[in-house]
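Colleague: Each chain, written out:
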Amino acid sequence: MSTSQAPAVEIVDLTKTYGHGPTAVHAVRHLNLVIPRGEFVALMGPSGSGKSSLLHLLAGLAPPTSGEVSIEGAKLSSLDDDALTILRRRSIGFVFQAFQLIDVLTAVENVALPLVLDGVAERDANERALALLDRVGLRERATHLPSELSGGEKQRVAIARALIHEPVLLLADEPTGNLDSESGEQVLRLLRELVRERDHSVVMVTHDSSAAGLADRLVKIRDGRIEEEQRFHHASEARES
Amino acid sequence: MVTRNYSLRELRRRPGRTVMTLMGIAIGIGSMVAITASIDTTRNVYRDMYQRLSGSAALEIVSPGFGAFESDRVPDLSSVPGIEGEVPLVQGRAIVPGEGPPEVVECLGIDPAKDALARSLDIERGRNLQSEGEVLIGRQFADSRSLDLGDSLTVIASGGASRVEVVGILTMTGPTAFQGGTTIFVTLATARSLFTNERSLTAVQLVLSESAVTEEVRAQVAALLPEGLSVDVPASRATFSGGSLEGLEQGLGVMSMVSLVAGAFVVLNTFLMNLSERRRRFAILRAIGATRGQLAKMLLREAVLIGAVGTLLGLLCGWVLAHVVAWVTASVLGVDIPDLAWSGWVIAIGLGTGPILTVFATLVPIVRASKRDVLTDLFPGSQEQREVVGRAPVVVGVVLLVCALVLECVFLTVKLDSSTILMLIPLATVMLLIGCVLTVPLFIGPLARFVGRVIGPVVGPEGRLALRQIDRYRMRTSLTVGVLFMAITISIGLGNSILSNIDDLGDWFDSTIVFDVFVRGAMPDPGTMAAPAIPEEYQGELLAIPGAKYVEALNFTQARSEGQSFIALGRTVDPDIPLSLDLAESDETLAEVQRGLIDGGIALGTVLAHRLGKGTGDTFLLETPNGPKQLPIVGTFTSYTLGGMAAVIERTNAKRLLEFEGAHVFMVRVDPERRAETFAALSQFAADRQLMFQTNAELRGFIEQIIDGVIGMFWLLLVLVFVVSSLGTVNTLVMNVLEQTREVGVLRTIAMKRSQVRKMVVAQAVGIVGISIIPGIGVGVVVAYLMHLDMQPMTGYRIPFHLHIGFASVVVVGSGAITILASLLPARRASRMPIIEALQYE
Chain A
9 MSTSQAPAVE
19 IVDLTKTYGH
29 GPTAVHAVRH
39 LNLVIPRGEF
49 VALMGPSGSG
59 KSSLLHLLAG
69 LAPPTSGEVS
79 IEGAKLSSLD
89 DDALTILRRR
99 SIGFVFQAFQ
109 LIDVLTAVEN
119 VALPLVLDGV
129 AERDANERAL
139 ALLDRVGLRE
149 RATHLPSELS
159 GGEKQRVAIA
169 RALIHEPVLL
179 LADEPTGNLD
189 SESGEQVLRL
199 LRELVRERDH
209 SVVMVTHDSS
219 AAGLADRLVK
229 IRDGRIEEEQ
239 RFHHASEARE
249 S
Chain B
1274 MVTRNYSLRE
1284 LRRRPGRTVM
1294 TLMGIAIGIG
1304 SMVAITASID
1314 TTRNVYRDMY
1324 QRLSGSAALE
1334 IVSPGFGAFE
1344 SDRVPDLSSV
1354 PGIEGEVPLV
1364 QGRAIVPGEG
1374 PPEVVECLGI
1384 DPAKDALARS
1394 LDIERGRNLQ
1404 SEGEVLIGRQ
1414 FADSRSLDLG
1424 DSLTVIASGG
1434 ASRVEVVGIL
1444 TMTGPTAFQG
1454 GTTIFVTLAT
1464 ARSLFTNERS
1474 LTAVQLVLSE
1484 SAVTEEVRAQ
1494 VAALLPEGLS
1504 VDVPASRATF
1514 SGGSLEGLEQ
1524 GLGVMSMVSL
1534 VAGAFVVLNT
1544 FLMNLSERRR
1554 RFAILRAIGA
1564 TRGQLAKMLL
1574 REAVLIGAVG
1584 TLLGLLCGWV
1594 LAHVVAWVTA
1604 SVLGVDIPDL
1614 AWSGWVIAIG
1624 LGTGPILTVF
1634 ATLVPIVRAS
1644 KRDVLTDLFP
1654 GSQEQREVVG
1664 RAPVVVGVVL
1674 LVCALVLECV
1684 FLTVKLDSST
1694 ILMLIPLATV
1704 MLLIGCVLTV
1714 PLFIGPLARF
1724 VGRVIGPVVG
1734 PEGRLALRQI
1744 DRYRMRTSLT
1754 VGVLFMAITI
1764 SIGLGNSILS
1774 NIDDLGDWFD
1784 STIVFDVFVR
1794 GAMPDPGTMA
1804 APAIPEEYQG
1814 ELLAIPGAKY
1824 VEALNFTQAR
1834 SEGQSFIALG
1844 RTVDPDIPLS
1854 LDLAESDETL
1864 AEVQRGLIDG
1874 GIALGTVLAH
1884 RLGKGTGDTF
1894 LLETPNGPKQ
1904 LPIVGTFTSY
1914 TLGGMAAVIE
1924 RTNAKRLLEF
1934 EGAHVFMVRV
1944 DPERRAETFA
1954 ALSQFAADRQ
1964 LMFQTNAELR
1974 GFIEQIIDGV
1984 IGMFWLLLVL
1994 VFVVSSLGTV
2004 NTLVMNVLEQ
2014 TREVGVLRTI
2024 AMKRSQVRKM
2034 VVAQAVGIVG
2044 ISIIPGIGVG
2054 VVVAYLMHLD
2064 MQPMTGYRIP
2074 FHLHIGFASV
2084 VVVGSGAITI
2094 LASLLPARRA
2104 SRMPIIEALQ
2114 YE
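Top line first, the protein sequences correspond to chains A and B. Start counting the first sequence at 9; every next residue gets the next number (my numbering). Start counting the second sequence at 1274; every next residue gets the next number (my numbering).
Okay, chain A solo, but in the shape it has when bound (with noise of 0.2 Å):
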């Protein structure tokens, strides 16, 4: 079902409400998008706006009331389990917040994992996995545990993890949350430097109007629904130069 004329991201008419009747809490209503591939995405709202349902339903992680999310064409809804595991597996990448590494393993094993997991010799996932440390910067600390890392660093290799497979979206929920403003700063240029140079979608979620500004549009959102949208034409531009 995917083309490569379809966009990265197409959501039509999206609902998805929690619980029924009068307790009934409507998370995302009626919401319509359409993400190229390559663009940027911030999306901004207050709590319990709806951002951080968008993306789980964006991920395939819970399914829609209504409406439909496609990835590259791919209609989330008709996927099994199974399917929208392999979807994520390929062609969508997750940066959380709280990092979420795998404590028992390295910091290239952890980048490794979901090549390993699909099947590829860990031999081949292993150097593909240092050859993105190297990139973003974290070569000499591939064998260290997420225990002796600084959350910059954790981050940087949760970074790599959601791009090792070069996946056509990545989905980042608040993946500044809880860095310094410095290393936030540095982990935010990284990720644009990085889905820059592959041509990667990009949705982030981001209370940080300083974050959103590094993307190429802005979307904001007020219960469930687009309240406002925004492109920060300086980002095109810098990505054009």
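These are computed hints drawn from the structure, not numbers from a lab. Beta carbons: idealized from backbone N, C-alpha and C, even for Gly. Careful, some of the hints might be misleading.
Label-pair distances were calculated between CB atoms; the ranges are [what the hints assert, rightly or not]:
#, chain 1, residue 1, chain 2, residue 2, range
1, B, Leu1989, A, His28, 49 to 55 Å
2, B, Glu1550, A, Thr25, 30 to 36 Å
3, B, Glu2110, A, Asp188, 28 to 34 Å
4, B, Leu1989, A, Thr151, 48 to 54 Å
Given the structure of chain A, go ahead and fit chain B onto it with the hints provided.
Modeller: What follows is chain B alone, placed relative to chain A:
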């Protein structure tokens, strides 16, 4: 109040874990209580049996081994104060043939004029005994055989078959109710005729006045008795049953202790996991003002509550299990076990052990939990990456191992009585096992890495991830590995010991029971070897049957030597027929032993020889009705009769010394060429005389049936130990899954299919099995060898040691299968975890 509610809600919040913890305690307590209750009951059966038959008689004058003695040997006791009456008794086993198989009855020859002093016979219909040839029977016996007043029945004993007339039917109370109502009462004269002891008695029972002190009367009577007679309480006859129970008790004792210790480790492990999971909440409680003492008190209350509920469940579980154990014990001993006696002692053991065990298992974690740093636990990220195992448990483990080894050395070098050995073997085994379990953390790292290298290529990346988790939670893994290790070790150790004994029993059977046919009144009681005697003239009649090459008569007579009860096997020893005896390792040849027996010597079972500290060449002091007699010991032999407490005496000599009448079994060798016709003739001979005809294969089948019962019970207990260990595995894996909730969420988000998550959890179980099996097999073999060595002081000889590889393989595969089966539930749970909730789990 608030903290109490908090504790209760915590237990309710994790119902699965609470139930598993309770089951761990319940099975442990249950098996211990069941085994104690059933052994107690079985021992009491014999005591009650003799006490019931004796009625209100507090003492009885008997000959050594309870054989017959001349009535005029009893001195005048009128000078002894406190004796209200002397009641003569002739007691023996007899057979009552009928339409079905002949029934063995306890026949009491009484003096109707004096007997009411001792026994109260409640005559429901008819009248009391008045003259020879009359009998009183119980209502149940009468109903089962459709007998009524005026009917006659045949009674067969050593004096042959006699007809007696039913003159009274008794209600099922007192001595009549003994062994389901199979007691019959005849006059002394009738009994003497049945048992061919014309002027003899088997006991004079003494009824004492209310003010008399039994011990004082006993001492005074004993002083008056001639050599060869003794005075004792009637229940003391029960000591004969002891030998048959000891082996069984040893095995069951070990199993119940292991089950209990495994239960304790499950409780400890669960509690450790529970505390680990609740660290943050404890930190909050401490932050808002709870003192360390309050926290510890709250947790202790939880432990006591779990212990108390687990104990009650354990008593229930024990009640069910006790019936199984009692049923098997009853099959082994061939007695009817009445309703299980739940003595105060048994219930106290159960009620006391549960809470004490729980508190003991949880005390250290509770104290440690109350002392944790609040700030560290308030921030989840600051938790240790790897569980740190303290030095103290390892040191305790090493100390226990040393103690166990010292005890082993004591068993092998110091002469101890069997009751001490019976008590110490479970203790030594448990110390060895706990010692091994506590030292597991020393080896868990290398073992985990080794197992990882071995199974890594098979279990894939999910498996390797799983093995890292096992290594990460070392304390938890150690305890789970420990419980599984215990199950494997004890299964291999005890199972091997049982199988070796069965092999040895087979060898004993082959070398001792070489006869083709057995003709007897009935099978002897395996607990006391009491059996109905049949006329010894049958020996000649059997030999006259064409094709019967050789007939050996055998008597089982209770006897005593230097205070030790044993069974004297009075055997025909023909100088021209090779003796069938399984000689122990000694320098004597079978021919020398045979010659020695004919010359008036005695051959001792190895257990008896060991208990008396005697061997070939020593002198044996046999207590006889005519005083102690010295016999030369001409050899020692392996015996399974009454747990090895047996001795062989040439039959004519035995009869002269122990004054028995009749024979208990005739063992016939048949001409192989005339086998079919001889078997038919022998069978007809038995049928004509209402006797039991038994071929060698049938006797072997009978013995194997008993053995199967024992083996079945051990398997049941082994399964219970494995159930406890699998509960531990389920607990550990559930907790691992819980602690890895967020990781599972992340793995599911980035790459892992549900099936891969399942594989990861199952691989943890495989890892735990792998880590347990390596030391389990090693220590299992050592335990098997130690148990084998421990048997020597009990049996007096060394059974050849064979490692039963097939059995060990079954245990290893079985333990692996059970553990992997136990992992399926947590694996399913992990794979079905909602990803978003898992990601948000703290």
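Colleague: Given a hint of 48 to 54 Å, does the C-beta separation of leucine 1989 (chain B) and threonine 151 (chain A) actually sit inside it?
Modeller: holds, 51 Å
Colleague: Mind checking the hinted window 49 to 55 Å against the Cβ distance between leucine 1989 (chain B) and histidine 28 (chain A)?
Modeller: holds, 51 Å
Colleague: Is 28 to 34 Å respected by the C-beta to C-beta distance linking glutamate 2110 (chain B) and aspartate 188 (chain A)?
Modeller: holds, 29 Å
Colleague: Go ahead and decide if the range 30 to 36 Å is satisfied by the Cβ distance of glutamate 1550 (chain B) to threonine 25 (chain A).
Modeller: For threonine 25 (chain A) against glutamate 1550 (chain B), whose Cβ atoms are near 33 Å apart, the range 30 to 36 Å holds.
The structure meets every hint from the earlier list without exception.
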